[in-house]
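A.B. asks: Read off the chains here:
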Amino acid sequence: MKESPENKEMTLSDLSDQQLVERFWAGDKEILSELLGRYYSRVYRLCYGILRNPHDAEEVIQEIFLRVFQKLDLFKGESSFSSWLYRVTINTTYMKLREKRGGDMLSFEEVGKMLDEQVMEGSGGEWVSKPDDELLTEEANKIIGEAISLLPEEFQKVVILRDLDGLSTEEVGRLLGLTPSAVKSRLHRARLFLRKRLDDFYRQLFEGG
Amino acid sequence: MGMNQCQEVLRHLAEYVDDELSQELKARIEAHLEKCAFCRNLVKSYEKTINLFKKAHNLELDKNKLERLKNYLISNLFK
Numbered sequence: 001m002k003e004s005p006e007n008k009e010m011t012l013s014d015l016s017d018q019q020l021v022e023r024f025w026a027g028d029k030e031i032l033s034e035l036l037g038r039y040y041s042r043v044y045r046l047c048y049g050i051l052r053n054p055h056d057a058e059e060v061i062q063e064i065f066l067r068v069f070q071k072l073d074l075f076k077g078e079s080s081f082s083s084w085l086y087r088v089t090i091n092t093t094y095m096k097l098r099e100k101r102g103g104d105m106l107s108f109e110e111v112g113k114m115l116d117e118q119v120m121e122g123s124g125g126e127w128v129s130k131p132d133d134e135l136l137t138e139e140a141n142k143i144i145g146e147a148i149s150l151l152p153e154e155f156q157k158v159v160i161l162r163d164l165d166g167l168s169t170e171e172v173g174r175l176l177g178l179t180p181s182a183v184k185s186r187l188h189r190a191r192l193f194l195r196k197r198l199d200d201f202y203r204q205l206f207e208g209g
Numbered sequence: 001m002g003m004n005q006c007q008e009v010l011r012h013l014a015e016y017v018d019d020e021l022s023q024e025l026k027a028r029i030e031a032h033l034e035k036c037a038f039c040r041n042l043v044k045s046y047e048k049t050i051n052l053f054k055k056a057h058n059l060e061l062d063k064n065k066l067e068r069l070k071n072y073l074i075s076n077l078f079k
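Top line first, the protein sequences correspond to chains G and E.
Position 128, counted from 1, in the first sequence is what the working numbering calls 128; the numbers after and before it change by one each time, with no gaps.
Position 69, counted from 1, in the second sequence is what the working numbering calls 69; the numbers after and before it change by one each time, with no gaps.
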């Protein structure tokens, strides 16, 4: 892009991701800061949502951004910068997770079977009327984390991208190569699984049974 | 109360709370919800679950971590 007086007056925050990416190799550290400012929190939340450990999340996020910035010249702008970044984030973070974890994940079929058997047992105890602040204890946080860790990757990715990151059904489908109906069905099952875990936990806590 | 209608609510729960249903199906589900406490509770617990899941990940920006990342990248990229 040519420098015109107009351009000079623009601040970096006015530029699109694509424009920032094009200027990156001018060696401008400000551009690095700007892109990190836009995406750091979102990428960190994804990494943490998958790895469940702040130290591991910090380690992997270095790898992700380093890889992304090193390969910026390969980035042709065919998809948006953000989907490319997300793709690298997911691939790198799951690679890390596979290195670290033992064999304690449920299979796709197991989750389906558990849900079919359990979901209609109870539609939600009295906890559903309590305020979130009262419910979100450290222990509840742990239950949520464990439930997510138990889910097979196919479910985890969908629920994390949809509910934590707020991507649309279509965006998640494009990112993961799934049809919208596959995204919806996985999202639903992941939410039901999480709901069941929380329901068991809170019933025990509040109703003693 | 028809079990079939409860099954229908369960099947479309995600689309219902995400507001992705056709008007017709949405109206049918809402009519059922008015009559069925079990399904009302199911919807409520489902929505509550999503909220709690989100709130559990409402991590505050850790400026130290961001600074460390920035320094790491600068030293590795701009040699």
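Don't read these hints as lab results, they were simulated from the structure.
A couple of the hints might just be wrong.
Below, in silico cross-link-like pairs of lysine-lysine (PhoX-like), each with a Cα-Cα straight-line distance of 20 angstroms or less [stated by the list, open to error]:
1. G:Lys130 to E:Lys44
2. E:Lys44 to G:Lys29
3. G:Lys130 to G:Lys113
4. E:Lys65 to G:Lys196
5. E:Lys70 to E:Lys55
6. G:Lys142 to E:Lys54
7. G:Lys29 to E:Lys26
8. E:Lys55 to E:Lys44
9. E:Lys63 to G:Lys130
10. G:Lys96 to G:Lys29
11. E:Lys55 to G:Lys130
12. E:Lys44 to E:Lys26
13. E:Lys26 to G:Lys196
14. G:Lys29 to E:Lys63
15. G:Lys29 to G:Lys113
16. G:Lys71 to E:Lys63
17. E:Lys55 to G:Lys142
18. G:Lys196 to E:Lys70
A.B. asks: If a hint holds in the structure, say so; if it does not, say that too.
C.D. replies: Do the hints match the structure? See the list:
With a CA separation close to 11 angstroms, the supplied pair lysine 130 of chain G and lysine 44 of chain E stays within the 20 angstroms bound. For the given pair, lysine 44 of chain E sits about 48 angstroms from lysine 29 of chain G by alpha-carbon distance, which is inconsistent with the 20 angstroms threshold. Distance check on the hinted pair: lysine 130 of chain G and lysine 113 of chain G sit about 30 angstroms apart at the alpha-carbon level, beyond 20 angstroms; violated. With a C-alpha separation of about 34 angstroms, the suggested pairing of lysine 65 of chain E with lysine 196 of chain G is violated against the 20 angstroms cut-off.
Restraint check: the Cα-Cα separation between lysine 70 of chain E and lysine 55 of chain E comes to about 27 angstroms, which exceeds 20 angstroms; the hinted pair is violated. With a C-alpha separation of about 14 angstroms, the suggested pair lysine 142 of chain G and lysine 54 of chain E falls inside the 20 angstroms cut-off, and the hint holds. For the hint pairing lysine 29 of chain G with lysine 26 of chain E, the CA-to-CA distance comes to about 51 angstroms; that exceeds 20 angstroms, so the pair is violated. For the hint pairing lysine 55 of chain E with lysine 44 of chain E, the CA-to-CA distance comes to about 16 angstroms; that is within 20 angstroms, so the pair holds.
Taking the CA atoms of lysine 63 of chain E and lysine 130 of chain G, the gap is about 33 angstroms. The hint is violated against a cut of 20 angstroms. For a cut-off of 20 angstroms, the pair hint linking lysine 96 of chain G to lysine 29 of chain G is broken: about 28 angstroms separates their Cα positions. As the CA atoms of lysine 55 of chain E and lysine 130 of chain G are separated by approximately 15 angstroms, the hinted pair is consistent with the 20 angstroms bound. Restraint check for lysine 44 of chain E and lysine 26 of chain E: satisfied, since their Cα atoms lie roughly 16 angstroms apart, inside the 20 angstroms limit.
Distance check on the hinted pair: lysine 26 of chain E and lysine 196 of chain G sit about 24 angstroms apart at the alpha-carbon level, beyond 20 angstroms; violated. Under the criterion of a C-alpha separation no larger than 20 angstroms, the hint pairing lysine 29 of chain G with lysine 63 of chain E is consistent with the structure, at around 17 angstroms. Proposed proximity of lysine 29 of chain G and lysine 113 of chain G is contradicted: the alpha carbons are some 51 angstroms apart, above 20 angstroms. Our distance criterion of 20 angstroms between C-alpha atoms is broken by lysine 71 of chain G and lysine 63 of chain E, whose separation comes to about 26 angstroms.
Proposed proximity of lysine 55 of chain E and lysine 142 of chain G is supported: the alpha carbons are some 13 angstroms apart, at most 20 angstroms. Distance hint between lysine 196 of chain G and lysine 70 of chain E is unfulfilled; the C-alpha atoms sit about 40 angstroms from each other, more than 20 angstroms.
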